[in-house]
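**Q** Since the structure of chain A is provided, determine the placement of chain B on it from the hints.
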Amino acid sequence: MTRALPWLAGAALIGLPFVYNSPYPLHILVIILIWSFAYTSWSVMGRFGLTSLGHGGFMGVGAYVTALAWNKAGLSPWLGIPLALVAAGGLAAVVAYPCFRFKITGHYFALVTLALSGIVLQVITATRDHTGGSLGYTPERYQGGSSLYALQFTSKTTWYLIALGVWAVGLWIAACSGTRWRRSPRTRMPPPPPAFT
Amino acid sequence: MGIFDIYLLEALINGVLLGGVLALLSLGLNLVFGVIDVVWICYAELIMLGMYAMYFLYSVYHLPLVAAAVVCILGVAVLGVLLHVLVIAPLLGAAPINQLLATGGVLFFLQSAATVMFGVEFKNLGMRLPVLKLSGMFISYSRLLAFAFALVGMVLVYLFLTRTYTGTAIRAISQDRQIMVLMGVDSRRIYLITSALGGGLAGLAACLLVLQYDIHPFVGLSFGPITFLICVLGSLGNFAGGFVAAFVFAEIIALGGLYSDLEWGYVLAFAFFIVMMFIRPQGLMARRS
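Taken in sequence, the protein lines are chains A and B.
Under numbering that gives the first Met the number 0, the residues of the first sequence are numbered 0 to 196, in order.
Under numbering that gives the first Met the number 0, the residues of the second sequence are numbered 0 to 288, in order.
These are calculated hints, taken from the structure and not from any lab test.
Mixed in with the good hints, there may be bad ones.
Computed spacing ranges between beta-carbons, pair by pair [stated by the list, open to error]: (1) B/126 / A/26: 40 to 46 angstroms; (2) B/131 / A/145: 56 to 62 angstroms; (3) A/22 / B/187: 48 to 54 angstroms.
Source: prediction; values computed, not measured.
Ideal Cβ positions, reconstructed from N, Cα and C, are used throughout, including at glycine.
Bound-form chain B, shown alone:
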């Protein structure tokens, strides 16, 4: 047992891979918050529905995996638009707490609806991706895949936001919601595009999570709060901050899991979050004003 303990290295690598998935999870939530200034508390439930979509398309209707993934991403994007049109749009002028509670209501609605429609049994795709063996370390292939797709997704979103006209309009709206409307930006259209994009990212996350985890109506509870906390730790609406925070959280969880149970890793991560709130409530990457 030297300094480069093989188990420590394995935990660190798994932490990085988990960080990629958490970063992708927080990206969509961050985007919606940054642009529309509304927190989708039910974001993880959209992912849960996406996972069910993957299950039905792949395991029940026997679509090819890639086709199922495309349909899933588009479907959840439509759900994101519906969420915006039906719940968020009528509340845009309301107090923030009302918007928060409305999406909280959607959370319970979707959980209960999924319980009624799909039952509480655990479901999975019934496929096992191989485990990569690398000089004595075990690295799950599905995690590697999720990590790669998370990186690609984040780069694509970055390019979309910085290189296209619509992306520029989205960034402009997120900087000043009042003035940009006077400058001729159609804020309703931008909000719809952002909601679709946020939903699409949730769909992508669902496609990747379904490779590793079982599906049940309450699966959103296992990663919803942590996604939300990551966004806040990295300053809500700040993509780079969310990215860094995701990896910090994932490493704490992975290392906690190495020395004790995985749950203690989560306890450490949550405690770290509380302490960080006391020290830097604006988040890790906030500019000091």
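This is chain A alone, in the form it adopts within the complex:
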């Protein structure tokens, strides 16, 4: 019974918008799922004792790369999202490598990532001619409204299912990194927080 519970909960979450699809509650659910995904990525690092305060910065890089690729280069988000992954991951690697080289962990790691998110914020504000600065930036509407090519949908149900799928992938990655962590004999870290998934 307990093993079936996650599958039952998952099926209920998938079925939910077909039973109840009032736009505003669905919108809130989508936001919850997106932040759950962000939290999952945070938590993957957290279990290694790395408190990142720079996740806002990485999310910002990803969002701006995708939107800029669509607006300026006409690049579909199907290519823009991998590009965003590479950009945010590259930024993280550039900062993380010296961190681990100089053994920056604990509070100091949190502070370095905090400064990094400050840099991302200020660079986006400074390049306001391209990014809109503090006024924000909106991807242009595709002519037809809903389009799989532009990843733009008028229906909240579609967005809900996409966010749910992305979150599930996030949980799967977190679970994988968890098992690998437990199997590694070389890790000498405090035990991970119990009951993650």
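**A** Just chain B, lined up with the frame of chain A:
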């Protein structure tokens, strides 16, 4: 354009003045960390509330500016005590990350509460202090005032810590939290006094910032992180280090702003911080052990 370029000199002077304000901002945070060993992430939000207090007292209830400032400083000091009693005291024995996250929660609570109560419109005192013209340079009078008060505030705190009995007790607690309790120092009382002092310094900073900047619920985000980074760069809990770090940061920002946009100055300052973390994670003024 010689070596003593007038614009360069103006930027340097403005950097020094900004450094004074940043030093005052970091002083209260440093004091609380040094004594209680807790980082008030929501420190900038206390300042935001202080700025709103100034706005309401001066612009809405028409109190004289000095009286409004005194009420503001006392009010934020009370907020500091409340923060300690309600949030920090129950968590004194908890893991540092829990204390950090609890004050982080207070940060979002205060921002949202301010949004609900005061709205998101920008507000200001509606008064303009004159600009000082000095041989072709423009120096804002409010910055000069902030700089002077920051220096006076820091000297007063220094004298309080070194010349009074309570100040000595505060320094003793910051050196050894366990032993001083056995020696008869009431740590709860010292923590309350320190929280009030930290809050009062935030109130003073609010009075000075309100002369230069507009008030809105998210104003804390524009100087909160940088205050925090200054404290760390100067070794958390080390007043002299915080002082030096504030001026280093301010000059980087001012000079970056001179050659390009102000934002690039901030980018340079943050990048400088990251590099310094790699080289000297204990901060600029740490003793080598």
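**Q** Hints numbered earlier in the text: which of these fail when held up against the supplied structure?
**A** none
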